[in-house]
Every structure is written in C-alpha cells, then in structure tokens.
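*Asks:* Residue numbers (this note's numbering), protein chains in the order written: chain P, 1 to 299; chain H, 1 to 727.
Bear in mind the hints are in silico, worked out from the structure with no lab data behind them.
Please read these numbers as outputs of a predicted model, since none were measured by experiment.
Among the hints, erroneous ones may be present.
Partial selection, computed: residues in chain P whose CB lies under 8 Å from chain H [stated by the list, open to error]: (1) Arg-63; (2) Pro-89; (3) Pro-92; (4) Arg-115; (5) Glu-118; (6) Gly-153; (7) Val-159.
Backbone N, C-alpha and C define an ideal beta-carbon position, used for all residues, glycine too.
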Amino acid sequence: MTRNPATSFQEMILALHDFWSRQGCLILQPYDMRMGAGTFHTATTLRALGPEPWNAAFVQPCRRPTDGRYGENPNRLQHYYQYQVILKPSPPDIQDLYLRSLEVIGIDPLKHDIRFVEDDWESPTLGAWGLGWEVWCDGMEVTQFTYFQQMGGFDCKPVAGELTYGLERLAMYIQGVDNVYDLAFNDRGVTYGDVYLENERQMSKWNFEVADTAALFELFARAEAECRNALAADVPIAAYEQAVEASHVFNLLQARGVISVQERASYMGRVRDLARSSCEAYAAKMTPQWQQACPGWTL
Amino acid sequence: MSDFLLELRSEEIPARMQAVARTELARLFRREMDAAGITVAEPLVYSGPRRLALIARDLPDRTEAVREEAKGPPEGAPDSALDGFCRKNGVTREQLELREVKGRATWFAVSERPGRETRDVLGAAIPNIIRDFSWPKSMRWGAASISTESIRWVRPLSGLVALLGEEIVPCTVADIVAGAATVGHRFHHPGPITIGGAHDYVEKLRACQVIVDHEERALLIREGARSVAAQAGLQLVEDDGLVTENAGLTEWPTPLLGFFDETFLDVPAEVIQLTARVNQKYFVCEDAGGKLASAFICTANIEAADGGAAIVDGNRRVLAARLADARFFWEQDRRKTLAQHAEGLARITFHEKLGTLADKVERVAKLAEWLASEGIVPRCDPALARQAAELCKADLVTEMVGEFPELQGVMGGYYARAEGLPDAVADAIRDHYKPVGQGDEVPTAPVTVAVSLADKLDTLGRFFAADLLPTGSKDPFALRRAALALLALVTTGRLRVSYRRLLEEAGAAATYDALGPFLIDRLKVQQREAGVRHDLIDAVFACEKEDGGNEDDLVRLLARVNALQSYIETPDGQNLLAAYKRAANILKKEGWSAPSGKGEALNTQGIARTGEEDPLALVDDPDLGPALRAAARERRANRLSYTPEPDEDALIDALDAAEPKAEAAVAAEDFEGAMQALASLRAPIDRFFDNVTVNDPDQDKRAARLDLLARFRDAVAKVADFSRIEG
Numbered sequence: 001m002t003r004n005p006a007t008s009f010q011e012m013i014l015a016l017h018d019f020w021s022r023q024g025c026l027i028l029q030p031y032d033m034r035m036g037a038g039t040f041h042t043a044t045t046l047r048a049l050g051p052e053p054w055n056a057a058f059v060q061p062c063r064r065p066t067d068g069r070y071g072e073n074p075n076r077l078q079h080y081y082q083y084q085v086i087l088k089p090s091p092p093d094i095q096d097l098y099l100r101s102l103e104v105i106g107i108d109p110l111k112h113d114i115r116f117v118e119d120d121w122e123s124p125t126l127g128a129w130g131l132g133w134e135v136w137c138d139g140m141e142v143t144q145f146t147y148f149q150q151m152g153g154f155d156c157k158p159v160a161g162e163l164t165y166g167l168e169r170l171a172m173y174i175q176g177v178d179n180v181y182d183l184a185f186n187d188r189g190v191t192y193g194d195v196y197l198e199n200e201r202q203m204s205k206w207n208f209e210v211a212d213t214a215a216l217f218e219l220f221a222r223a224e225a226e227c228r229n230a231l232a233a234d235v236p237i238a239a240y241e242q243a244v245e246a247s248h249v250f251n252l253l254q255a256r257g258v259i260s261v262q263e264r265a266s267y268m269g270r271v272r273d274l275a276r277s278s279c280e281a282y283a284a285k286m287t288p289q290w291q292q293a294c295p296g297w298t299l
Numbered sequence: 001m002s003d004f005l006l007e008l009r010s011e012e013i014p015a016r017m018q019a020v021a022r023t024e025l026a027r028l029f030r031r032e033m034d035a036a037g038i039t040v041a042e043p044l045v046y047s048g049p050r051r052l053a054l055i056a057r058d059l060p061d062r063t064e065a066v067r068e069e070a071k072g073p074p075e076g077a078p079d080s081a082l083d084g085f086c087r088k089n090g091v092t093r094e095q096l097e098l099r100e101v102k103g104r105a106t107w108f109a110v111s112e113r114p115g116r117e118t119r120d121v122l123g124a125a126i127p128n129i130i131r132d133f134s135w136p137k138s139m140r141w142g143a144a145s146i147s148t149e150s151i152r153w154v155r156p157l158s159g160l161v162a163l164l165g166e167e168i169v170p171c172t173v174a175d176i177v178a179g180a181a182t183v184g185h186r187f188h189h190p191g192p193i194t195i196g197g198a199h200d201y202v203e204k205l206r207a208c209q210v211i212v213d214h215e216e217r218a219l220l221i222r223e224g225a226r227s228v229a230a231q232a233g234l235q236l237v238e239d240d241g242l243v244t245e246n247a248g249l250t251e252w253p254t255p256l257l258g259f260f261d262e263t264f265l266d267v268p269a270e271v272i273q274l275t276a277r278v279n280q281k282y283f284v285c286e287d288a289g290g291k292l293a294s295a296f297i298c299t300a301n302i303e304a305a306d307g308g309a310a311i312v313d314g315n316r317r318v319l320a321a322r323l324a325d326a327r328f329f330w331e332q333d334r335r336k337t338l339a340q341h342a343e344g345l346a347r348i349t350f351h352e353k354l355g356t357l358a359d360k361v362e363r364v365a366k367l368a369e370w371l372a373s374e375g376i377v378p379r380c381d382p383a384l385a386r387q388a389a390e391l392c393k394a395d396l397v398t399e400m401v402g403e404f405p406e407l408q409g410v411m412g413g414y415y416a417r418a419e420g421l422p423d424a425v426a427d428a429i430r431d432h433y434k435p436v437g438q439g440d441e442v443p444t445a446p447v448t449v450a451v452s453l454a455d456k457l458d459t460l461g462r463f464f465a466a467d468l469l470p471t472g473s474k475d476p477f478a479l480r481r482a483a484l485a486l487l488a489l490v491t492t493g494r495l496r497v498s499y500r501r502l503l504e505e506a507g508a509a510a511t512y513d514a515l516g517p518f519l520i521d522r523l524k525v526q527q528r529e530a531g532v533r534h535d536l537i538d539a540v541f542a543c544e545k546e547d548g549g550n551e552d553d554l555v556r557l558l559a560r561v562n563a564l565q566s567y568i569e570t571p572d573g574q575n576l577l578a579a580y581k582r583a584a585n586i587l588k589k590e591g592w593s594a595p596s597g598k599g600e601a602l603n604t605q606g607i608a609r610t611g612e613e614d615p616l617a618l619v620d621d622p623d624l625g626p627a628l629r630a631a632a633r634e635r636r637a638n639r640l641s642y643t644p645e646p647d648e649d650a651l652i653d654a655l656d657a658a659e660p661k662a663e664a665a666v667a668a669e670d671f672e673g674a675m676q677a678l679a680s681l682r683a684p685i686d687r688f689f690d691n692v693t694v695n696d697p698d699q700d701k702r703a704a705r706l707d708l709l710a711r712f713r714d715a716v717a718k719v720a721d722f723s724r725i726e727g
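For reference, chain P alone in the conformation it holds in the complex:
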C-alpha cells in the first residue's frame, strides 16, 4: 500500500497511524469529550502514571473557544486536531522515531530545516511538567516534544515521551497552502473548509456571543460537584472526566468574557483542585495493581 500524505489531510493522518502502529503503538480513538489539548486524553494523563509500559497514538480534537475567528483567519480555529503519541518509558531512539515519522509524511530533513528548540511544558491544572522542545520545520513549530517529569503532582516513574503534532499546520506545510480552509481533506476535491468552515462560523458565534452564561456557571458547579461525588465513590476516572468538563466550561466562560481577572485565578484553582484530586485518587487506587506488576515500585 502506498500513500501519498502530501495529497490530503486524511492521508497524512493515515500515514501517521500506519507508522506508529508499526512501532508497536496502540492506535486509539479520540476521547469523546470536549477538551483543550490531547494531553487531557486519559491515554496521556492517567497512563503517564504508574510503572507499566504504555505506547499509544491517537488523534484528539481540541477546543479553544477563545481562538475562534468566525472562519475568517487563515490560521486560527476554535476546533482543531492534534496527533498525540505517548511512549512510556521514553525509548532511547525517540528522536529518530519522530524524525522518521516526519519523513513518512513527506518532510525530507535534507531539504527542510528541522530543529529542536527549547520549550518546556507545564500544566498547573494537571500538576504536570516536563522538559523538551518545540520542533521547528523551516521556522514553523510543528510538534511539541515533551519528556513528562511529573503528572498529577507525582514523579513519573518511568518518564514518558509525548509527541503532539499540530495536524493542520503540518498539512498546510506539506500541501503548500496558506489558508487552512484550502487544505485538501481527501484527494477527491473535498477541502477542510467544506468540512469545517460553517462549524467555525457558528461555533465562534456561540462561544463568544450566544452561550447561556448562567447555564455555563451552573454546568461548572455541577461538574465540580459531580467530580467530588465520583471521588467519594472511589471512581477516579469518572471524577477526572468531570474535571475535564469543568475545565472546558471554564474556557467557554472565558470566551464569553464573564470572568474577571480576579475571579479567573480562583476558577483556575478550582479546576486544578479537581484535576489533581482525580489524578491522586487514580494513582492511589491503582498503586496495589502497579506494585503487583512491578514489585518494589512506589508512587
């Protein structure tokens, strides 16, 4: 089977799936919740905890309400895709694997200038940080490359390597297109704009102008309460989902401009509490199982 990833958005994704599948990764599906980044997928956050090996790749749709531009900006979207690869423990040849994946989608490192530029990653919401780079291709950031050092406030033992490809950017680059809506989605004439332009218009309007803020505040409060409820019942994965929900609702409230600077910090603190408590509860619940699989391991 030969693919030509330069021809379309979907061929590029399939080429990445092929490649990472051959490297032994599970090819997972997107998490079925609205979230700001692929890192929120439980396959990344929760699986970064614990000693067991974990290798997975998946596409995750990301929602950034404040980045909406009503379909009028060639680069900015309130809904876009990330391609995530998580490799635990980080293999010694992870950089080479990554560079081979670029070649697979048509980026020749002897023709294009590939660079690893310092960019450390930190998510106070998740109690997580890592060191790594943004990867540049001819000056464009195409991937975030991170070695997770902590997650949910716990040391990663072992460390996982996380690769996050910005799919639209990469595709625009490979296809030589200056406007995201002009991207070929498939090789039969359907563009990214055909699929998403109307969504961007309507969702930008909803995010910025329409969404019922009273209902959103209520949703936030409910997610917070439900997270506590799930924690009390010792079902931390369910609790984590509610933390993700609260985080997204908070982003919507931000887009509606109804959270003042002073309140902002307090809301972020509440989301952080939920996410951290969920990660902690998950780690605590899983530790006996992890210790059985890996005697002598401690949290």
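Position chain H against the provided structure of chain P, taking the given hints into account.
*Replies:* Same frame as chain P, but now just chain H:
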C-alpha cells in the same frame, strides 16, 4: 604526557544554557584533577546543541606517589582520641607509628598514596562530573527512570567519548560506555565516526558537517549574515544575542536571506524586528538609508541540495503569518484611543496592597503635574505632563503589548502619534520607562522626565510605605532599578529638590528614614562607574544640614562629593585628611570633647575619662554639635591666659579666616571654594603639629590647644565628615 578529550553527547541542549555549561564542565574537570593532584592548564571547552566537549593538554601518564604524615595524640592519650585520629586518617591502630617529638612519644599516621594511572583517575572523574553537573533544569528519561535516583541531565545523555592520547578511558555512566565513536551532523552524517584523539576531534567532525567550536559558529553566522545582506544590497542589523542563540541551535550554520511582503512595512519597525527576532530568531536588514528592509535572514542547520530555496520559502510563510498577526493587532489597537484603552487599567492589579494600575496612573499623573508646576522639572508644561502620565500605561492593555511585552511604551508612543497627540506626549509615553538599568539612555525631554520621575517616585514611595522592601538578592518589584532610574533622572537633569519633599508629595513621607539610605546606597552603585568614591558620598551625606537632617538634595550632594574628591586626591588633601585624623585621634586619646570650663551638662554625661566610652561617638552625636560650637565660640572670645606660640597663633588666624569662608562657600554651593578654604588650613595645621606641644604640663595651655584642635576638626567637618573618608 597525553592530551585528553571528553565529549558528552546528548539530545538538543537549550541554547541559552550552553555558556554556563562550558564553565561548569571546566570547573568540575579542574576540581577532579586538583583532587587527584594533577596539574592542568585551563582546558578548552566547546559547546553545541548536541555535545559538550573538553580538551585538556599535556596530562601526565601517572600521578605521583604521595606520602602523607599526620601528627596525632601523644602516647597514653585516651582511646577515644586515638580512635578518632585513626578514623580521620583512614588507618588502623596497628599502622600508627610512635616517634619522639620534643622528648615526648607521639603517634603518627603515615599514609602512602601510590601514583595512579591518569587513565584510571579520569575514568573515575567522568561519572563524578556528570553526577555533580549543575544545569538550570535537568530531567530523567528512559527505562531507568522507573527510579527517581536515575541519572539526570539537561536532556537525555546519548553518548560519551573519552580518550587519553589515543586510548579509550574506560568508564560507564548510566549504561553508556565511553568509547572513541561519535556521530556527525544529525542529517548530513548520521553514522558513527571514530575519533583518534584530541588532535583530530575538531577536524573529523568538521568533515562530517559539525563545527564543534561555538565561537567559530558564531563568527560564521555573523559574517555569513553580513555577506548575504550585502549581496542583496542591504546592511545587517547586528544582534549579538541572536548570533549566540543561533550558534547554540546549529552544528552547521547556514545563513539564508529571504524577503517578506513589503506591505508589512506599514507596521512599526520595532514590531517587525521583534516578531522576527523573538518568534523566529531571524535577523533583519536595513537599506542604504537606514530604513528597515523587507528582508529577513534565518540560520539553517543544513546545506540543502536546492541551496535553501525550500527553507527560505517555508520561513517566509511562517514570518508572513506572524506579521499578519502583528498587523492585525496594529490595526485593531488603533480602533480605540489610548484614553479608551486606559479604562482597561482599572481591571489590572498593580499590587494587591497598592491597588490597580488605574490607581497608580492617577497618582503618577498628579505627581508629574506637580513636578512640572513646581518647576522641579524646568520648562515643563504641567498639562502635557498630566496628559502623558494619564496615558503612559494605556498600551499595557493593547493586543500588541499583550503579544510583545517588550514593546511597552514603544507602542503607546506609536498609538499616541497615530491619534494626533502632541509629540512631547507621544515621546513621554514611549520613553517613560527609561532609563532601564545602568548605561541606558536617560531621558531629558521635560515631559518625559516628569512622567518617568513620577512613575519611579510612586513605585518607590508606595512599596516602601507598604514595607515591601528588597531583601538581599531578592528585589521582586525591581525597586533598586527604580531607585537607580530616579537618581539618573535627578542627576542628569540636575533637578533641584530634596527627596524629602518628593516623598512628601508622593504620600510617602514616613519612608524618609528608610528610603534615604537606600537611595544613597544606590547612588554609590550608580556613581561607581563614574569613579566617584563611596566613602566620600557617605562623608557628605552624613554632613548635617541646617535643618538637622542629612543632605538630601542629590544634585548638591554630588557637587559636594565631586569637589571633595578632586581635593582629597591631591597631596594637599591627603595631608589635610591626615591632619584631621591626627587631631581627632589626639582629642579621642585625651578624651577631649567639651570645651574646657563649659558645657557641664556634657561632662556629666561622662566624657571619656574612664577610657571605656568612645569619646568620638559622643562628639559625633548630632545633638551635641550645636552646643559644642556655641561653647567654642564663647571661649574664643575669652582671652588666652598665656601668650600663644607663633604657630599656634597662625593656626588661630587661619581658622578665623577659613571658617567663615568655608561656611559661606557651602551656603553658596561653591564647594570648590569651600575646599580652597580648607586647603588654607593645611600648612598652619602641619606646622602646629610640628612645633607646638599640645600636651603641655600647664593645664591652661593644654586645654586651649586641645580646644584649638577641636575647632580645627569641627571646621573641617562642616564641609564633609572626614572621619568617614578612607585612607
């Protein structure tokens, strides 16, 4: 003798950490060699994105055997003392030797450290260097990181080359076995390369598209960028920081020039330059007329087969998207006036104890207007000062400054001009953060000076009033910098005002005692570069003013310090200082402070007759100064009970002449004149010391002469507190 080569290979090291890493590598290597007793010259250290390398020349093949003896307790000492001694020297009790020392049997520990192969010393040193290496941030990685005890490095460590001469230094660090093989350029030469030794390391790597020496890469970038600019008929805008950063990001730097759409040149030049520099690490160019050109220079890390055409095109597109964003901000921000933007400042907290930025702006506006209307900043229109101050922080809420915080002020200036505000206002908005640190341009335009000074004054006064002071190395609110800026504005503009008055107006009068010495300390720092002595600043600052406070007119203070310094550094000045110290010492030794027969109140306070108190401490007590002087004046009116010696008489005459002169000169701020008046005392005081016996058996004579010395000391002290002058 052999040369040693060490290469520590890793995944990409952040560019900004490489300079410190070189120092650290050299330091740790020297530490290890010192500990092993190997003398080495300063090693050569190279850095790049994927490797740190060290070359040390002429290491001996073996370390010398060392015999060490340590003297211990005498025979018969308690067991515990003996055990401790053995432990300390790493010997057993059986190994101790007993020797005679001054007729007493004493235990000695003798240890022989045999010479070691340098190769073995290095093999042991390398893991120590890696373990103790201090990075600003380090990480764990890989399967070994299942334990938090696993090795840490800035990014995963991937290989080690360690060669002494041509021999591999055997050593293993975290599963990495040192060898002779390295790798070349990541893309041009990914396979292994065998290094022969320190002699061929640099050249072998060069052949594989790696320039090991960071300085050579920096030179290639600088000259390459100049040359591609010149080929396009342009001039590179030099940027050393960018050169170093690009040298830290590349192993085979290749500067390439591209062009962006000329229509972007509508956007302010600073914005374009910053977009190119900060986001993309590109250089920019100017045309022959010094105007920003629509060109950029990126530094690629490969020599592409197409000559870099695809790379330039890719970079051009990225820059175009960035510039489109910038242009969007530039257009968006101008849809509102600065006054409208300024309304947003009410939503930004300046500091939780100090209100919002809008509150601060209102205070600054009031102060700036006052500085102008009081004439403290001369030739300044109070209305313009207020207007500029009210708008000076408005750009903080614009999109552009949100994106590029470095452009605060600059953007406000552009926006002010775009909406047709007076140039003086636009300039003041643009420049009111200046001066930022020593060496930065100090504003002189009156409106700018008023706004900038008001801003610093408010910051200092409010933070001091809220007791948020800098401590040690911590200065989170940059108060030291604010103080330096304030001093620079006052001294450069020669603004005549006491800082007491400034603080009162800033609503921070209560901070006078804390802020005064703080400013004086900063003044010493500021003046150090100009070669002004800190002890002279102290000497003048301590000099009491008519109103009893310290000298707090900074311009006058500096004028006085400068006059003092030019005088004190002449032989004349040195002699006068010596005479002053001699007089003060005699007075101190004699416990002579109060004029004889007068000032009983002082005597009852215990003038150092017991030798326990410090008499000078008492004399220097500012409360006593006026009393002493009054008493001295009165006594001077009384006739001496004896005929003074000629040199005594001469000194009295000289003082009679010099005192009013010096006093008048100080009052007229003619400090050179005051120094000249003091200088007239130099010859008489020297002759007095040479020819007159102070400690005369006749108590009247002794008292009168001590009084005369006290008078001399006080006359000098009115010009400056000479006791604080060093040397």
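*Asks:* Now look at each hint and say whether the structure bears it out.
*Replies:* Hint-by-hint comparison with the structure:
Look at Arg-63 of chain P: its Cβ only gets to about 21 Å from chain H, farther than 8 Å, so that hint breaks. Here the hint on Pro-89 of chain P is kept, as its CB sits about 5 Å from the closest CB of chain H, short of 8 Å. Evaluation of the Pro-92 of chain P hint against chain H yields a held restraint, the C-beta minimum of about 6 Å falling below 8 Å. For the restraint placing Arg-115 of chain P at the interface with chain H, the shortest Cβ-Cβ distance is roughly 6 Å, inside the 8 Å limit, so the hint holds.
With 8 Å as the threshold, the beta carbon of Glu-118 of chain P comes within range of chain H, its nearest partner Cβ sitting at about 4 Å, so the hint holds. With 8 Å as the threshold, the beta carbon of Gly-153 of chain P stays out of range of chain H, its nearest partner Cβ sitting at about 14 Å, so the hint is violated. At its closest, the beta carbon of Val-159 of chain P sits 4 Å from a beta carbon of chain H; the interface hint therefore holds under the 8 Å criterion.
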